[in-house]
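Two chains, two frames, some hints: make the complex.
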Amino acid sequence: MTAAALVERDFAVPDIRCASCIAKLEQGLVRDRRIAAARVNFTEKRVHLSCIPGAEMPDLIGAFTNLGFEAHPIGTGPEEADRAAETSRDLLRAVAVAGFAMMNIMLLSVSVWSGATGATRDLFHWLSALIALPTVAYAGRPFFRSAWRALRHGRTNMDVPISIGVLLVSVMSLYETMTHGAHAYFDGAVMLLFFLLCGRWLDSVMRDRARGGVTALLRNMGTGAMVVEGDGRTRWVDATALEPGMVMLVAAGERLAADGLVIGGATRLDLSLLTGESAPRDVQADDPVHAGTLNLDAPLRVRVTAAGADTAIADIARLMGEAAQGKSRYVRIADRAARLYAPAVHCLALAAFAGWMIAGAGWHHSLLIAAAVLIITCPCALGLAVPAAQIVAAGELMRKGVLIKDGSALERLAEVDLALLDKTGTLTLGRPEALDLDGLDDGKKSLVLALAQASRHPLSEALTRGLQCANILPAAVTGIRETPGFGVEAQWADRVVTLGRPQGGEKGDALATELAVDGKPVASIRFADQLRPDARAVTAALRTEGIDAMILSGDRADAVAPVARELGLTAQTGMSPQDKLAAIERQEAAGHKVLMLGDGLNDGPALAAGHASMAPGSASDVGKNAADCIFLGDRLMPVVETIRMARRTQAIVKQNFLLAIGYNVIAVPLAFLGLVTPLVAAIAMSGSSLIVVGNALRLKRAPG
Amino acid sequence: MNGLAFLIPIALGLGLLGLGAFFWSLRQGQFEDLDGAALRIFVEDEEEPS
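Chains as they are written, first to last, in the UniProt record's numbering: chain A, 1 to 704; chain B, 1 to 50.
Only chain B is shown next, with the shape it has when bound in the complex (with noise of 0.2 Å):
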């Protein structure tokens, strides 16, 4: 009974941070390019003196 008092928060707690980090991600427009995403890997940043 003594273990639950630790267990549950911390498992609703880890729920509840990747709830948060989900809506971070959506209002951080994460999923506005999900193709490009995956082909931006590809992508050689431009070596330019500027």
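Extracted from the complex, chain A is given alone in its bound form (with noise of 0.2 Å):
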């Protein structure tokens, strides 16, 4: 072995289910000569490998796919990602020590509580100082971060009563403590902290956690091509690396990584992704053809024209960076309420202060009263309200099979009355499924099945897909033998058998396939993007939910018009990227809030422009990117599920709100009269969270 650096690679693999699965790969990867060393993180079903320099992509695919695992190789640009992490972990410490110096101060308080008096008590208090002082140091750095932020802009936000509040009351305490008082507040400053970063916390996990979900989906679509090179040897390119002139091979089954002429094959090619368009284009030499479509039948080359950020892609991209602008003025729940609340604690505050002066208390007796004022209005209820409610939500959606991007998603989810539906891919399953299988006998049924699983031809797929879900078990046959551009071919009991394009021709533009006994044909197979099992029951739902839709489709009218006529909706076609966003601006500008739902790359800009949009885990991985939240599976019930959890999240953060403020009604006129002590401070802060926090586990056990 020699010390030659070793690569660090990170790879998606989504069928990791049990232990095994992580013996197997941890095991069986690391026998392969040009792997070193495999590390399976179970929790987001990924694999880390650390391989030999000169190990090529294609190679390391292939021992995953020896094994028997998908494995799709995930980008090195994840710095953004890495530092949402870091945030994370950094809270979390803060988190951390906010907690031990809450708890041990606690224990120090009570006895004085419990009635220390004299030396001890001083001892106790110095002793709380020394613990709560630098927590306050080191926990506070994020709200005062974001306060000194805040002020320097010119605006308020929560963070400045909190850091004022906090700050005040340190001091107070200290000064307190060297003269010898009665009542030190540092429990309350530091608990105030614990609870509030705990609420900051949450928000981070559960953007980090959605996050991780979409990584895990990004299937990084042609992240390289196979190139040939000019003495016609072949090597794999990263698409980064792609540059004009190359040439690529582009296999049957594969996305293409950069736009191209066609130079040599001819194929169909699924464009779905690109302009919503269901039905196969045919390409042959000299005709243009775009990254990220998906090739069907034939190995291809392709002279590449425009790679990365010259592809047709990238006026996409343009698009979406305007439509992502709007998006952005959207101003959460909790942010709208601070800049209502921070100026009343202010005035409040100031006012318990003026009004005591005034009263002839002496600064010192008015000063502590306005810090009282500050730690009791400033509740950790308020800091708990949003976000505890929100992860407890996304947890449930989660199980469910939806990933929330973050707490806003859910917020805007809530607001929607309109939704816009793309048709390929979002209210159909988006890949070809096989028509006509009930037509076949048995026998056949099983022929089909033993020639289809041997090929990676979508249809071929397709076709195991429904079979295996039908109980079929496959044929006995020898010999199995593929030809890109025409089928399988196989032998069955001295017979030849084979499965491949219709030799008749196809008739208008179906996909369809044919099974061939000696060369004579038995059966034929037709096949078309189905809708999804529940797309009518989903419109109906959102229909009782008070959402009215409509389609918006880049396909043709033909082809869109029995997917309207099926769900009764009204439908705008052969729309472009640009139609779509206006479309969108017309509603938004009618006062509509739109749900946008898409999947192609064709959806991006709309997904971006949307108040929310949501996604299937089947989607482009642009898609995917622009849209606040990602469903799996087959099924498009989910998008009803969460626009009622979404609905149900926001009554309950309105509660905790009510909550929150009734709290104050209650607590602030005692702070006024210089009631609150420490004890009272401690006893409602706990209090109110731990009501806030229980109202939002309700979510949880809730119906649907």
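Treat the hints as calculated values from the structure; they're not laboratory data.
In this text the structure is predicted, and so the values were computed from the model without any measurement.
Just to be clear, a hint being listed does not mean it is correct.
Stated by the list, open to error - The calculated label-pair distances, taken between Cβ atoms and stated as ranges, are:
#1 B:Ala38 with A:Leu473: 34 to 40 Å
#2 B:Ala11 with A:Val30: 45 to 51 Å
#3 B:Ala38 with A:Arg536: 38 to 44 Å
#4 A:Leu473 with B:Phe23: 54 to 60 Å
#5 A:Ile683 with B:Ala11: 21 to 27 Å
#6 B:Ala38 with A:Ala589: 48 to 54 Å
#7 B:Glu32 with A:Asp494: 53 to 59 Å
#8 B:Phe23 with A:Arg152: 27 to 33 Å
#9 A:Leu350 with B:Ala38: 50 to 56 Å
#10 A:Arg543 with B:Ala38: 41 to 47 Å
#11 A:Ala137 with B:Glu32: 24 to 30 Å
#12 B:Ile10 with A:Asp90: 28 to 34 Å
#13 A:Glu8 with B:Phe23: 24 to 30 Å
#14 B:Glu32 with A:Cys18: 17 to 23 Å
Said to hold, decoys possible - Covered stretches of chain B, as calculated for chain A (at least 3 residues, CB under 8 Å):
#15 9-20
#16 23-35
Yeah, the Cβ is synthetic: ideal placement off N, Cα and C, and Gly gets one too.
Written as structure tokens, this is what we have:
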């Protein structure tokens, strides 16, 4: 073994399900001599490989395939994810420190409350100060930083009263301690930090978890291509390293990694991710082809004309950037509350100080009361009200196979009143399904299955899926051979059976395949993109939720019409990405809150522009990145379930705010009168936090 | 009062120990793969005469 530096690579392996998968992967992968070490991360369904520098991507993926796993390389651009994970870890550290400090100070405080006096009380106060001051300095940083940022821009947010309160209380308590005072509020300050940090941390964990789920889903479509060198040899080139002029070899079933011109071969391409069009398009030499399209039939040689940021996708990316600006103007409910709340808190504290000064209480006493008002009015309950409810909801949705990217998505989803649906891949499954399998007898079915499961062609995969669901066993065939562009051939009890392109050509542009025995066709199977099984129920359910639905499709009118009729929806057809964007802007201008549902590259700008957006797990990477949440599986019902959950979450959030305000109505007068001792503050704060969290947990065992 | 001189440092020390242990495990990546850790106990070591 040479000391050459090993290359680290990450792969998403969605099929890791059990302990034996871990064992199989970790022990099986290192048998490949190119792989030095493999480590499975079960939670994130990832495998981390250390491999020798010469290991090519297809070889590594092949190593997974040999073990029976499907692996997708994860690109090397996760700096943003790393930074986010680092923020989460920082917050967790701050929570741990604040928690530790809170527990110890509380223990010391209990003895003070139970009557310690004189030197003992002073000692305990000094100890508390010793623990609390470094804690405030360390754990309070997220709040101080955010408050400072807001103040510098002449704004105020929730963190301003929190920071002022915590600092004021700490300083006052230190003064009290030095002057042998009776009340030190160190426990209150640290407890406030602890509960607020919990809220922040929950919020950040939720975003991380969803992001992890999304990265695992990203297929990084066409992250590279086999490139033919001048001397006829081929090597794997990453999509980022592809350059105009290179010649790519695209096998059937692969996605193109760059735009180009066909220079050899003829095939059909599935454009549905790019344009929403459901019928495959024939291409031959000299035809332009685009990145992201799927090669259906035969190997193709493509001369790259544009790669990376120059592809047709880049246009869509530009549109998306513009479209997303509208969404960034959305203000989260917690911030909206803070806008009203923060000035009120400041005024109250100031009024308390002024009032007691006028009443002649002296600046020391007045300041103490003002500090008590500040600490009691920025209750932990308010910091926990939103994240507690949202993380419970996100956890519930994740169990149902819906990934929510962040809390603001839940808030926006709760407001939608108009759903715009893409057709191909959203209302439909977005992949060919065998139509007339029932017309075949069992013998033919088992023959078809035996041939189909030997091939990775999309149609073969559809057949395998359909027949395996029907519990068909494959017939015993030998000598299976696949000819790209034609089909699969095998020996079956002295006879030659083939499954492939119909000999008489295809009728119309429907996909079809034919089973032949000894060259004579015995059965033909047609394919079409099918509606999702519960599409009808979903449109009805949307209507009962008070949400109108409409189809926006890039497909031709005669392909959309049957779907629209079946579902009873109006449809607009033949729409370009710009048209979809314009349609959304029109609806938003008319006062609607639009939910965009789509999957393709062409839906990217629309997904970014919608008030809220969802994409199926089978969507293009662009679609998944642009959407607020992603639902997995073939069912469409999660869309409705998510909207219902978002609305219930919003109701809980509002209840939590009411609870927090109700608590203030009781506590603020007490604080004003100077009756809030450290003991009262501690009880009020922890009590209100528990109530708010308990209320949020109600989302967990709700119906639906 | 004398007991406090021992007990309070001990209590704080134990607390700090716990905090230190938590920080250590966080840095070691013990929380990276919680579900996987639960399953790894079922993974048999490979008896390979390498």
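Which of the numbered hints are not met once you compare them with the structure shown?
No hint contradicted; all consistent.
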